[in-house]
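First to last, the protein sequences are chains A and C.
Residues 1 to 340 (our numbering) are what the first sequence spells out, left to right.
Residues 341 to 570 (our numbering) are what the second sequence spells out, left to right.
Hints in this document: simulated from the structure, not taken from any laboratory.
Be a bit skeptical, because a hint or two may be false.
[Unchecked claim] Simulated crosslink set (DSS-like; lysine-lysine; CA at most 25 Å straight-line): (1) C:LYS469 to C:LYS494; (2) A:LYS254 to A:LYS171; (3) C:LYS566 to A:LYS171; (4) A:LYS288 to A:LYS277; (5) C:LYS389 to C:LYS427; (6) A:LYS171 to C:LYS469; (7) A:LYS5 to A:LYS288; (8) A:LYS75 to C:LYS427; (9) A:LYS3 to A:LYS319.
Here is how the chains run, residue by residue.
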Amino acid sequence: MNKDKYVLGIETSCDETAASIVKNGTEIISNVVASQIESHMRFGGVVPEIASRHHVEQITIIIAEALSRAGMEPKELDAVAVTEGPGLVGALLIGVNAAKAFAFAHQLPLIGVHHIAGHIYANRLEQEMEFPLLALVISGGHTELVYMREHGDFEVIGETRDDAAGEAYDKVARTLNLPYPGGPHIDRLAQSSDAAVKFPRVWLEEGSYDFSFSGLKSSVLNYMHNAAQRGEEVKPEHVAAGFQNSVVEVVTAKTMRAAEEYGVRQVIAAGGVAANKGLRTSLEAGFKKQGVPFYIPSLALCTDNAAMIAAAGTVMFEKGIRSNMAMNGRPGMEMTSWNK
Amino acid sequence: MIYLGIDTSNSPLAIALIQDQTVLMEETVNLKINHSLTAMPAIEELMAKAGIAPDQLTHIAVAEGPGSYTGVRIGLTIAKTLAWSLKIPLHMVSSLKVLAANGQFFDGLVCPIMDARRGTVFCGLYEGKSLEPVLDDRHSDLKKFLAEVKSLNKPVLFTGADLSIHENVIREEMGDAACFSTIQNRLPRGSNVILLAQQSEAADVHHAVPEYRRITEAEANYNKAKEGSA
Ligand SMILES: [Zn+2]
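One chain only, chain C, in its complex shape (with noise of 0.2 Å):
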């Protein structure tokens, strides 16, 4: 069995390929370079030097957002296209869930964090040992989110490659109960995705979307407008 993991939800790039028990290759490209470019270059060159011909691989893994709603796309399109093209399943996982297991095996609670800009986040909140959700991921403002983490009164450790924008309001609201990932710990892994993805069943590929969490600002102003007028 050959895995191809698949991550582009943000701005890094994760791919990996793993061979039954073995990570063979994993990469992860953290230099803002547009996925649509790179990403079918980065994953011919892994398999390329790994020695594995696309029809080798047996399974494909992606992580299906939330994130930036392009990135998720591409990596989203790649993976469904590939798991048609070569008759192989598709798995999806989520692209916070990714993240969380840069945590496994803290002792407490593993919060996901990714930016959503105007002091939006996505994020989840996922128990350390077992990476199983404690809340759902969401779209959320962050200190309204941080209120409902708090109130669990566990030990929190925060990851994702955009902490940094939002460590001081997280130390502000939670104070010590929260802690911070290491750099290297705060980028997906292509090889998480393929773990998993593993243990989820397969998508329908034709009918897999993003998980995008959150509606299109287009359609948010015109339920509005509806509703102003109702």
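For reference, chain A alone in the conformation it holds in the complex (with noise of 0.2 Å):
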């Protein structure tokens, strides 16, 4: 049996200062997040130099922290891994140098992980990956289709082309009067919803597995503006219904189709948006039609979080990959595999 790994995570891309340690890659032995929400609400979005004074305020804490509710000493981890990006530059290189120093203080191994493979990976903590694998990333910052062959081999099938599905909801959630963040304002809504509104459906050029939100939300603000013109009272749910009926459906549509035509075995949803209850629901429906395993981790694991650094740092440890002391943040990261 070969001995257990334990390998302390970071993450620091945007308004979450978190570290985690996690058991080989599966078991999550403390999981700490500060999420910093309630200093942006008043700006109504993340002001990423705010976001940047609060993790230097933050990040020893939280890293001490995660290691007391281990009731772990840094010398009993194998490796420290960090999110290397993307993310806000400000905001990344906070937990980019604080790994540094933590891993040249205790000589550990450090392993620079992207953010996209941290939100896959943190389905593992909850259920095995199966290959080949379809993985939809979809949250504040990404919405993106991933297809994997093993472990460390990513594929970006589709992606956004415009607004990230979550900055969308942000913002129709802003016309709506809704506190930020909007998604799940607008989520319980729709939920709650007896009608809908009628907005388009964008599905690109056929065939492509990319996304577009920006027309939409200028047809949901365009509605609203029309609507205020003539005087007509304007229903909140129904609008909301509306908007998410039309992003639950493209994006249901466009993974089912992907899962179909690259023949995977398991699919698994991650990033916030994940927790989004009626995507979920759409989701679920479908793959258990289509026959194929779909899984969704915990919201706490949707959401930022560092276990799911620490998980993907894992695979990549075990891999031989390393980092050295000049890693630096990384805003516009791209995705590369790690399994060539």
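With the hints as a guide, bring both chains together as one complex.
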């Protein structure tokens, strides 16, 4: 039997300061997340400079907390994994520099992890991955379909050409005067609505797995504007339901078509918007009919966390992948395979 | 006792190692290279050359700001993570005072300045002999600050990496009272970070934060909007 591997994960790519210790890439030993949502709420969105200021205030506290909740000493760790990108540059480099200093102080191997790979590997903390696999990563920052033949092999087969799904949710929520972050509010309104405004579905060219949400967002804004000009009363739940129906229908259909075309053995969803009830119900029903196993991690693992970074980092560690002290935060980091 | 000193608060990178009363190594790089990329490799290399392992360090000293927000945060993040990881004290010192130390023993006042764009600077004023602060570190309109400095009627030595940007304005406002550091004395030195930090009490590592000396633009706009609607 191989010795158990314990990896510390650190994640600071947006507005959560997070640290976690994961055993063998599959078992959470501790998982600590400090959310900054309340500080950003009054600005109606994440302010990068304020996010960075919070990260530097929190970083050692959160890492210490992850160790103490695990009841572990740094010398018991096998490696340190940190989000290298993509994300907000000033936010990323707090985690990256803390990880570098921690790894240097304790002379531990260091691994830079792609944030989306982390989201995908969050699933492995609850359900072993089966390949070939299709992952739908859908959040405030990303909307991507990723095909994987094996561990560490990523082929992005579809992505958003403009806004991320979560961004569209936030913008529509703002026009409906819902508080930030708007996704959960729209989901709740849509669930309770008895009717839905008909908004267009954006399929793009035939066969494409890409997404576009800015046109849909504009349709919602136009609808609101026209109704206001005519002095008509708008029922926010009807707009929320109409918007959500359009997103859910397109995302479900494209994900199902990709799963079929690529003949995958498993489909997983990840990212904050994957927690959306309407989307979850639709995907679950679709894949049940298609007969393909489909999984969504629990909410705490859908939103940004460091356990997912440690989980992905563990697989990279076992493949022998290492970063060095010259690692930098990479805001526009591309997703590349590490299995080659 | 072995101190590691770090200053990344503006474009220069300054690091040093001092063992007891001996400066073992010191490095200042003024190549406008990204600190996030270069600070840790530079520290690793400096310590390897000096033959010092991380667990031999006994203290960390860091320039706490003001300066570039991102730059200050990189130095502080590295310093606090090292201090916490190695369970050793963290000492912090004003990044302006680190510059002022380049003018120590000047017979008059020393005024470190850092460019903060749009005619504004981060600045302070220190007694040359003692390096005691005469005016508090601040973010200010340069001309407004110079008027205050001038009213003290003493010779003033100006220093700082961005001095050339503001040299003309300083000459106009201060006349003969202004002296200017030679170029090698405009950059921060890691040894000065350590020597000054030694005079300060150890910080609470987990709660150590930069001295930005300025609120964020988002907060300033938010406050303005709130005042406007009140
Ligand atoms: Zn994310």
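Right, here's what the structure says about each hint:
A C-alpha spacing of about 13 Å is found between LYS469 (chain C) and LYS494 (chain C), which places the hinted pair at or below 25 Å, so the restraint holds. Proximity of LYS254 (chain A) to LYS171 (chain A) is assessed by CA-CA distance (about 23 Å); at most 25 Å being required, the pair is judged to hold. For a cut-off of 25 Å, the pair hint linking LYS566 (chain C) to LYS171 (chain A) stands: about 23 Å separates their Cα positions. For the hint pairing LYS288 (chain A) with LYS277 (chain A), the CA-to-CA distance comes to about 16 Å; that is within 25 Å, so the pair holds.
Restraint check for LYS389 (chain C) and LYS427 (chain C): satisfied, since their Cα atoms lie roughly 23 Å apart, inside the 25 Å limit. Between the alpha carbons of LYS171 (chain A) and LYS469 (chain C) the distance comes to roughly 58 Å, so the proposed pair goes past 25 Å and is violated. Of the pairs offered as hints, the one joining LYS5 (chain A) and LYS288 (chain A) is violated, with about 35 Å between alpha carbons and a cut-off of 25 Å exceeded. The suggested pairing of LYS75 (chain A) with LYS427 (chain C) holds, with an alpha-carbon distance near 14 Å, which does not exceed 25 Å.
At roughly 16 Å between alpha-carbon atoms, LYS3 (chain A) and LYS319 (chain A) fall within 25 Å of each other, so this suggested pair holds.
Hint compliance for this structure: hints 6, 7 are broken, all remaining hints hold.
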